[in-house]
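Colleague: Sequences are here, hints too, so could you generate the full structure?
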Amino acid sequence: MELRLETEEASLLLQAIRNRVEELRLEVRHCRDSEDRAYLKHKERLLNAILAKFPEVAEGAYRRGFIRARV
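Quick note: the sequence shown uses the working numbering, first residue 1, plus one each step.
Treat each hint with caution, since some may be false.
[What the hints assert, rightly or not] What follows is a set of in silico ranges between Cβ atoms, one per label pair, in the way DEER data are often shown:
id: 1; residue 1: A38; residue 2: R63; range: 28 to 38 Å
id: 2; residue 1: R20; residue 2: G60; range: 32 to 42 Å
id: 3; residue 1: E22; residue 2: K53; range: 18 to 28 Å
id: 4; residue 1: A49; residue 2: R4; range: 12 to 22 Å
id: 5; residue 1: G60; residue 2: D33; range: 30 to 40 Å
id: 6; residue 1: R29; residue 2: E2; range: 33 to 43 Å
id: 7; residue 1: E6; residue 2: C31; range: 29 to 39 Å
id: 8; residue 1: R63; residue 2: C31; range: 14 to 24 Å
id: 9; residue 1: R64; residue 2: I17; range: 16 to 26 Å
[Said to hold, decoys possible] Within a straight-line C-alpha distance of at most 20 Å, the following computed EDC-like cross-link-like pairs (lysine to aspartate or glutamate) qualify:
id: 10; residue 1: K41; residue 2: E27
id: 11; residue 1: K43; residue 2: E27
id: 12; residue 1: K41; residue 2: E9
id: 13; residue 1: K43; residue 2: E23
id: 14; residue 1: K53; residue 2: E2
id: 15; residue 1: K43; residue 2: D33
id: 16; residue 1: K41; residue 2: E22
id: 17; residue 1: K43; residue 2: E22
id: 18; residue 1: K43; residue 2: E6
id: 19; residue 1: K53; residue 2: E8
id: 20; residue 1: K53; residue 2: E22
id: 21; residue 1: K41; residue 2: E56
Calculated from the structure, these hints are not laboratory results.
Glycine included, C-beta positions come from ideal geometry on N, C-alpha and C.
Modeller: Rendered as structure tokens:
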């Protein structure tokens, strides 16, 4: 499978995946059921594998072109 993304799109997708990995780590810490915990760790490993496949992308590239209006 091939997925082509603009730099801004890739940056935002990477940020979303990183956020989910952080959330999963919290879930793992609070999970008491060993089967559920193993499943959450599996999901974390898969997301980290996805992150490893991305070329280096500028962290804040998804913010390019966005102008915050100041009132």
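Colleague: K53 and E22: Cα distance at most 20 Å?
Modeller: holds, 18 Å
Colleague: Between the alpha carbons of K41 and E27, is the straight-line distance 20 Å or under?
Modeller: holds, 9 Å
Colleague: Starting from the hint 18 to 28 Å, judge whether the C-beta atoms of E22 and K53 obey it.
Modeller: holds, 19 Å
Colleague: Against the 20 Å threshold, does the CA-CA distance of K43 and E22 hold or violate the hint?
Modeller: Holds - the C-alpha atoms of E22 and K43 are around 12 Å apart, at most 20 Å.
Colleague: Does the Cβ-Cβ separation between A49 and R4 fall within 12 to 22 Å?
Modeller: For R4 against A49, whose Cβ atoms are near 20 Å apart, the range 12 to 22 Å holds.
Colleague: Does the structure keep K41 and E22 at a Cα separation of 20 Å or less?
Modeller: holds, 12 Å
Colleague: When you check the alpha-carbon spacing of K43 and E23, does it fall within 20 Å?
Modeller: Given that 20 Å is the threshold and the Cα spacing comes to 11 Å, the pair holds.
Colleague: Does 33 to 43 Å hold as the CB distance between R29 and E2, or does it fail?
Modeller: holds, 36 Å
Colleague: Please verify whether K41 and E9 have alpha carbons no more than 20 Å apart.
Modeller: It is violated: about 26 Å lies between the C-alpha atoms, which goes past 20 Å.
Colleague: Taking the Cβ atom of R64 and the Cβ atom of I17, is their distance within the range 16 to 26 Å?
Modeller: Given a distance of about 19 Å, which is inside 16 to 26 Å, the answer is holds.
Colleague: Do the alpha carbons of K53 and E8 lie within 20 Å of each other, as the hint requires?
Modeller: holds, 17 Å
Colleague: For a C-alpha distance cap of 20 Å, please report whether K43 and E6 respect it.
Modeller: violated, 26 Å
The structure fails hints 2, 8, 12, 18 and 21 (numbered hints given earlier, in ascending order).
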